[in-house]
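Residue numbers (the numbering used here), protein chains in the order written: chain A, 65 to 225; chain B, 5 to 300; chain C, 3 to 633; chain D, 74 to 263.
Keep in mind that the hints were calculated from the coordinates and are not lab data.
Worth double-checking, as some hints may not be accurate.
[What the hints assert, rightly or not] Using 30 Å as the maximum straight-line C-alpha spacing, the simulated DSS-like pairs for lysine-lysine come out as follows: (1) B:K281 x C:K579; (2) D:K240 x A:K199; (3) D:K240 x D:K149; (4) A:K128 x A:K204.
[Said to hold, decoys possible] Short derived list, chain B residues pointing at chain D, Cβ under 8 Å: (5) A35; (6) I37; (7) H38; (8) R39; (9) G42; (10) D51; (11) I53; (12) K54; (13) P205; (14) L216; (15) M221; (16) N249.
Ideal Cβ positions, reconstructed from N, Cα and C, are used throughout, including at glycine.
Here is how the chains run, residue by residue.
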Amino acid sequence: MKQNEIISKIIERFPSAVILITDDKQFSITVDENDAVTAVAYMQMLDFKQLAIITAVDWIEKGKFEIVYNLFSYEHLQQVFVKTLIDRKNPKIQSISNLWEVAGMYERDVHEFFGVEFVGNNDLRPLILHNWQDKPPMRKDFDSEAYSNKVFGNFKKEKAL
Amino acid sequence: MINTILRFILMAVMSMSVGLLFMGIGRKFTARIHRRYGAPFYQSFIDVIKLFSKQSISHNWIMDFGVLMGLAGILATVMFLPVGPFNVFGHMQGNMIIIIYFMTIGYLGMAMGVAASGNPNATIGIARALTLMLGYEVPFVITVVLLIFINSSSNLSVMVASQAGGFMRWNMIQYPFAFLAGMMALQGMLGEQPFDVMIAPAEIASGPMVELSGKLMGSAFLQHAAQIFLETGIIVNMFMGGAPNIWIFFLKQLAVYLVTLAVAAIFPRYRFEDAVKFFWQAPTALALIQLILFLI
Amino acid sequence: MIMNSFLFVFIASILTGFIRKKYNVLRWTIFTFILAYLSYMLYTLYGYWDYSEVYNLMKIGGTQLSINLKMTPLGWFFAFFTTVLNGVISIFSILKNRDEESERGIAMLWMILSALNIGIFASSDFLTLFIFWELMTVVSYFIISPGWTKSFKSVNYYFILSLIGAYAMLTAIWMLRADPMVNTFDIQTSIRQIFIMWELERAKAMSIIVLFIVAFFSKSALMPFHIWPAEAHAEAPDDFSAYLSGIMIKYGLYGVLLVIVPVLSFITHFSDSTAMINGIPVFSYLMAWVGAITAVVATFLAINSNDMKRLAAYSTVANVGYAVTGIFILSSMGVAGGIFHIVNHAIFKSAIFISLAAVKYRTHEREMHRLGGLAYKMPITFLTFLLGIIAAAGIPPLNGYASKWMIYQSLLSSKFPFLTTMIFIASTGAFMYLFRALHSVFLGQLPRKFDDVREVPFIMQLPMLVIMGAMVAIGIAPGLILKPINVVISSMGLSPVHVTYFDMYSLISRVDALTVFLVFCGSFAVAFILYLIGNKRNHVEPLDNYTAGQDPKEFGLTREMYHFAFKFYEPFKEMFKPFERINTSAFYDSIERGFNETGRSFARLFRFSVRNAVLFFIVGIAAIIIYGWFV
Amino acid sequence: MLLTSSKDLKDKGLDVVLDFFRKKSLWMLHYCTGCGAIELPPTMTSRWDMERFGMGPMATPRQADLLLITGYLSVKSLKRVIYTYEQMPEPKWLIAFGSCPINGGIYYDSYSVINRLAEYLPVDLSIEGCMPRPEAIIDGFTKLMKSIDKGEAVGYKRYRENYEWYKKNQAEVLERTSPVLKEEVADETK
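Next comes chain A alone, as it looks inside the complex:
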């Protein structure tokens, strides 16, 4: 299928979706929070078999998190970003770990660094950070430098050795 055929199919299925074409190999779809999982599942049905990554963007001014699903199709040689905006105060979204097994791992990652809750994923243990007690570090309101100064005591411990 060509890119425009895919896009027309998507519009047919999700009339409210906002589609942004980057070039002839890449485009993005922004859908409603409620449609997000359906959209990803639909894309999987359209032979977008590879889930490259799940990530999140912190739009602190808008008070939103943007969850981005990065999909790729070897059949159509197309890359697509399925995006959705969710509330920043109480970030919750349905898990897609039943569609891709690997999604569970990406969701763990996003959960650890942004604090997004994935409903339906039972395994959201911390993955990368060591013994993390503070708020999720990738949020824009987390002050990394203050943290670093406080914990690693930048030149504050001049005593002794």
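Got chain A sorted already, so can you dock chains B, C and D onto it with the hints?
Chains B, C and D in isolation, oriented as in the chain A frame:
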């Protein structure tokens, strides 16, 4: 009696120090092949002294005992090697069957010591080494049996005596296929490339040596040195006509050792199943050809 | 005197059956004393080579059937060392069987078996030999399958192969008896007659020899019959495995030495019309090859087995292979080396099996990969096993090497390059599987569940110490055993080998075992001095290991997980994948099925199972013997 | 400051002789945490040839004398480095490599990268640069050899003697139980 004890101690010291010297020269040699400057030729002595001066760890008494048994086994084997005119015991000098079997106790000791450390990397290395041993023993044993048959004696001194009278009388010229098989087997015995898969450093963290430290590592080092001395010595006695004095003997040993290093410097590593298959094909065939030629 | 002692043992064994389970220790102590008595009895018989006993049973069709017992040097030698070794093993059994369920029957049967054992070695005609042989088979059959219900299937191999051997032997004996030239059961006469028959009727003599070979090889588990020991040893009681492997498997070799070797040496020396290779008959050469191939095949099977008793059983088969190769070389060096190896193997394999039995006594575990690290808890057992495998791999200061050296010397001096190579390969392989057993059971990480395992009690350590002492002593002074062996092979018509207590000589070299031992001690001293010079050594915990920086406890790594023992030589096994289609046990399985079907149809007739039929067979034989006794 | 240790830390006697052999045979374990590891292959191979000083790479901490921290060190790897360092038998030395282990380098404000390695482990020598060139590395190694010869590089003794101090610093980053930036979290909820 006192004489024998003195010769015994001399032989022990000589085998280890000459082996270390060979290792140092070998390192320089390999470095020059790589177009490097390389470590000084006495580097191995420094390494050993440093290792003995370091503290070491051990998990239990079997580890210490095993490593000591490894060194002792190889040293005991060296005692039966005729080094030119220098003999520790007159009467059973160079009995090949004793040498082959005595070598095993060194391997057993080392294997036991490192297996007692409880690190699976060490045990994997040992499993590979033992499998490889089953590989290179085949061509080596055929070669040894052939030479025993030629001389009607399992005595290395007799084999040396039969090669007296110039270069053309050497077994290496007379039985070239057997010599090739023996050299390939030597490559495996010394664990040089392409047969160094048991000590693969990046894959299984240097295999058997993974938990050895300080003086235990030093003992392993000395064992390897004595092993180089022993195995090159066997080849020199079997194929290169021994030597009239010990210095020429050392030179011949060094030549053999440098040949293996030259091969090692340009080869990558075999997987060990493939190494065993290789040993059962090319060198075994060569040794068998020589044996059949002899029997005909 | 011999028969009276048998009666005494028989009655004693019946009486011990009445001892209550509470006093198991008493029963096994009596067993030990009976074996001491038997050993003493044999000791007093030494040198009386014309001593004989005859008990007439009955006349059938004009033939006097009788039990003839006679002490020959060969028989005495075997009888004495097996009985002494059995006594040593029985010390181990005293405590081992204290709480066993099914031991009552085993004690009784084993006592009878030790008497039958002497009977086999003392019998001077084929009929007596056959009677004792079969009784031994049946009795041991019931010991191997304790409780009569467990492990019945695997023991069937043993029974079927024994049956094949028995039929072959009976046919051979019948052929000899029916032949007008021979017409006797007497072994010594028959041997001479077989040789004459070889010259006159080659085919008939050949078939008799082959039948005997089948009988003996099936008992000793040579090549086509090599699978029963693995099945039987694995299921037998642990202490009995030592007896089974050390002694019982050697009956076939005794038969070879008794019948085949004299015939073949007659042929070698006096026959002009026989094809020879390097001075031995072609037939003998082929049999030596059977031994060598057995050694190699059993070695490869042992490398791939995961059960420690199976591994040891295959190792036994391999060692029998060496001995057979040596014996069929027919030179005095070869035969002496073969007999010497039989003795040595009995000793070191008892060491291995006893230490494995000690491990099982404490851990109740048989699969090697579930064990590990027991050396730190059971040092004496570990040392026994270590010395056992050093001897088994033929490494110098211990006994196994002396006999292997003799076998090599015989092969080399008789100029058999390929046989030598085969034996060498088997020997290197032996090192592989023995180290695997050593590592998996005794080294590596100690599983948590064995944290409170202790060393076995002193009474059980005692036989281990005795056996270790014997291994070292024979290793230093091979003359201790080789001098009696010289008497044996002289009586077989071979020239004695040249040996002093410490030195062994062959045509092409000489070994001074004491010097070899001292050299090893000296080298160890040198290594130890170097060790003392070095900086201090710190003790660390077993799990404080190189783990690429990861703390094992935090990672959830347990000691069991960090013990590499399962599928130890898997890539090596992969290399032999094409050969896996050749499946000997499937063949025997089909035979077993055939037997079972036949048995079932019999059972339909008699409403008895096969086992009951076997029982009837014993009762029948016993009835015949007792009948003959009184009539 | 790091290299000035008091003379009384040093053992007298045979160590003077043995230090000569120790400095001539430094076997190193490079813990490839960061980008610095890429500078080592050229240092080892034909162009700069580290082996002429008797140095060489080793596979496990048991055999090594020298631990190289090549580049930034995250909190998670700090734990592994400490475990590795404690597994090495004495005498042992530690080299901090590049700017990051000295003061955090370009990661000075990162929430997951430590700023000063010397607070957690006794650094015997620091080689600065981002990244240090092979010449700088070799210069650093020769300096370390000199200080070993003088008996000044005794980081392992310092570590042994000030064990509690080091452990306290390590625990501060590794075993935290409460959030660090508490007030700001409270601010955000308002």
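Taking the hints in turn, this is what the structure says about them:
1. The hinted pair formed by K281 (chain B) and K579 (chain C) meets the criterion: a straight-line CA distance of about 14 Å does not exceed 30 Å.
2. In summary, the hint linking K240 (chain D) to K199 (chain A) is supported, as the alpha carbons are separated by about 26 Å, within the 30 Å threshold.
3. About 16 Å separates the Cα atoms of K240 (chain D) and K149 (chain D), which keeps this hinted pair within 30 Å; it holds.
4. With a C-alpha separation of about 11 Å, the suggested pairing of K128 (chain A) with K204 (chain A) holds against the 30 Å cut-off.
5. Hint on A35 (chain B) holds. Least Cβ distance to chain D is approximately 6 Å, under the 8 Å limit.
6. A hinted interface residue such as I37 (chain B) counts as satisfied when its beta carbon comes closer than 8 Å to some beta carbon of chain D; here the least separation is about 10 Å, so the hint is violated.
7. Of the supplied interface hints, the one on H38 (chain B) holds, with its beta-carbon coming within about 6 Å of a beta-carbon of chain D, less than 8 Å.
8. Here the hint on R39 (chain B) is kept, as its CB sits about 5 Å from the closest CB of chain D, short of 8 Å.
9. Look at G42 (chain B): its Cβ gets to within about 6 Å of chain D, closer than 8 Å, so that hint holds up.
10. Evaluation of the D51 (chain B) hint against chain D yields a held restraint, the C-beta minimum of about 5 Å falling below 8 Å.
11. A distance limit of 8 Å between C-beta atoms decides the matter here; for I53 (chain B) the minimum to chain D is near 5 Å, and the interface restraint holds.
12. Proximity of K54 (chain B) to chain D holds as hinted, the smallest CB-CB distance being about 4 Å (cut-off 8 Å).
13. For P205 (chain B), the shortest C-beta to C-beta distance to chain D is roughly 4 Å, which falls under 8 Å, so the interface hint holds.
14. For L216 (chain B), the interface hint holds, the least distance from its beta-carbon to any beta-carbon of chain D being 6 Å, beneath 8 Å.
15. Residue-level restraint check for M221 (chain B) holds (minimum Cβ-Cβ distance to chain D is 6 Å; threshold 8 Å).
16. Taking 8 Å as the C-beta cut-off, the interface hint given for N249 (chain B) is violated, the closest approach to chain D being about 32 Å.
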